[in-house]
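Asker: Below, each chain spelled out in residue letters.
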Amino acid sequence: DIQMTQSPSTLSASVGDRVTITCRASQSISSWLAWYQQKPGKAPKLLIYKASSLESGVPSRFSGSGSGTEFTLTISSLQPDDFATYYCQQFNSYLWTFGQGTKVEIK
Amino acid sequence: QVQLVESGGGLVKPGGSLRLSCAASGFTFSDYYMSWIRQAPGKGLEWISYIGRSGSTIYYVDSVKGRFTISRDDAKNSLYLQMNSLRAEDTAVYYCARDRKGIPVAGTLDYWGQGTLVTVSS
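Protein sequence lines correspond, in order, to chains Y and C.
Heads up: the first sequence is residues 1 to 107, going by my numbering.
Heads up: the second sequence is residues 1 to 122, going by my numbering.
Excised from the complex, chain Y in its bound form (with noise of 0.2 Å):
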């Protein structure tokens, strides 16, 4: 199986911080990556699809790049409605994988 793993794990900012996120395989996934947000007692929401494709309807301050192992989400300037937790989720081989999380709180 494919590994994997987000850093980090906790992230505190302010608004109008740039944040980053990094997501790194255990082996090259190509850019067969997706980013989600998820909110508490909410279900995960698409933000960005095949490493670096923004989904429709989400804000231009998000956005991600890389592609074999390791990627990373950007968001450029943190909005109060960005304080959620962030996974990443490759779809390289047919048991997909998502990353442990990264929790962006407030600062």
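It should be emphasised that the hints constitute simulated quantities derived from the structure, not laboratory data.
One or more hints might be untrue.
[As the list claims (entries may be wrong)] No farther apart than 25 Å at their CA atoms in a straight line, the calculated lysine to any residue pairs in the SDA-like style are these:
hint, chain 1, residue 1, chain 2, residue 2
1, Y, K50, Y, T72
2, Y, K107, Y, K50
3, Y, K107, Y, S9
4, C, K43, Y, I2
5, Y, K107, Y, R61
6, Y, K45, C, S85
7, C, K43, Y, E70
8, C, K101, Y, I2
9, C, K65, C, R19
10, Y, K45, C, V12
11, Y, K42, C, S54
12, Y, K42, C, G42
13, Y, K103, C, G42
14, C, K65, Y, Y94
Model, not experiment: these values are computed from the prediction.
Assemble the complex: chain Y is given as a structure, and chain C must be docked to it using the hints.
Answerer: Relative to chain Y, chain C alone:
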């Protein structure tokens, strides 16, 4: 608009069975791959099963293989998960999700239901 509504969760004893349903609306259900994903209390996300169009392709994570069965009824716009031999570690919120079109490889989940809680406890 796209809607996915799960039902069928509840409290069940270890070794028991449950059948989850996911009612889809707002899109042509038969055109889409579908998945089940679960989230144990306070934990991360775990993909558990996938079904292709017309049930042509089915995959499971190892931890549920042989115990869970995914199926779909395109006439009823519904996805199902039959769960047998349930264990305490199966306790989780179970989500159904739709696979995004337009990507050569399946696995991008663009719409999710609100989830249904399954609790396995004596």
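Asker: Decide, hint by hint, whether the structure agrees.
Answerer: Structure-based check of all given hints:
no.	hint	in the structure
1	Y:K50 x Y:T72	12 Å, holds
2	Y:K107 x Y:K50	31 Å, violated
3	Y:K107 x Y:S9	15 Å, holds
4	C:K43 x Y:I2	19 Å, holds
5	Y:K107 x Y:R61	19 Å, holds
6	Y:K45 x C:S85	31 Å, violated
7	C:K43 x Y:E70	23 Å, holds
8	C:K101 x Y:I2	23 Å, holds
9	C:K65 x C:R19	16 Å, holds
10	Y:K45 x C:V12	29 Å, violated
11	Y:K42 x C:S54	29 Å, violated
12	Y:K42 x C:G42	13 Å, holds
13	Y:K103 x C:G42	12 Å, holds
14	C:K65 x Y:Y94	14 Å, holds
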